[in-house]
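Using the sequences provided together with the hints, build the complete structure.
Everything in the sequence shown is counted per our numbering, starting at 3 for the first residue and increasing by one.
Misleading hints may appear alongside valid ones.
Computed Cβ-Cβ distance ranges for the label pairs, DEER-style [said to hold, decoys possible]:
#, residue 1, residue 2, range
1, 41, 78, 13 to 21 Å
2, 9, 63, 16 to 24 Å
3, 56, 31, 13 to 21 Å
4, 69, 14, 18 to 26 Å
Quick caveat, the hints were computed from the structure, so don't treat them as lab data.
No residue lacks a Cβ here, since even glycine has one placed at the ideal position from N, Cα and C.
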Amino acid sequence: MSKKYTECSLHGKQEIGLLCTHLAHSLLDRIPVGFHEFDPGDLGRPDAWCDLCHAAEQQIETEKDEEEWFTNCDYKILCVACWDEAKDMNRKI
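Here you go:
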């Protein structure tokens, strides 16, 4: 699988990471929202979401629920350096 890149205004060309919209916005407003990731043992940058999205994930019962949850997370593509910053800032609450 080839790596995918984005051009970050802060960090230049970097590999990508996906964050729910709440995590992405936490980097701007500096308000921690919690941090959950698809596979914490993964050395890469798995999809990650906040406490609010995590609570919604716990209510998933059907494949349709899962699709709606994924859509509602409104994932944003960020560079891995921003992903790491979001993880560091948000997992401390």
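### Query
Failing hints, ascending?
2 and 4
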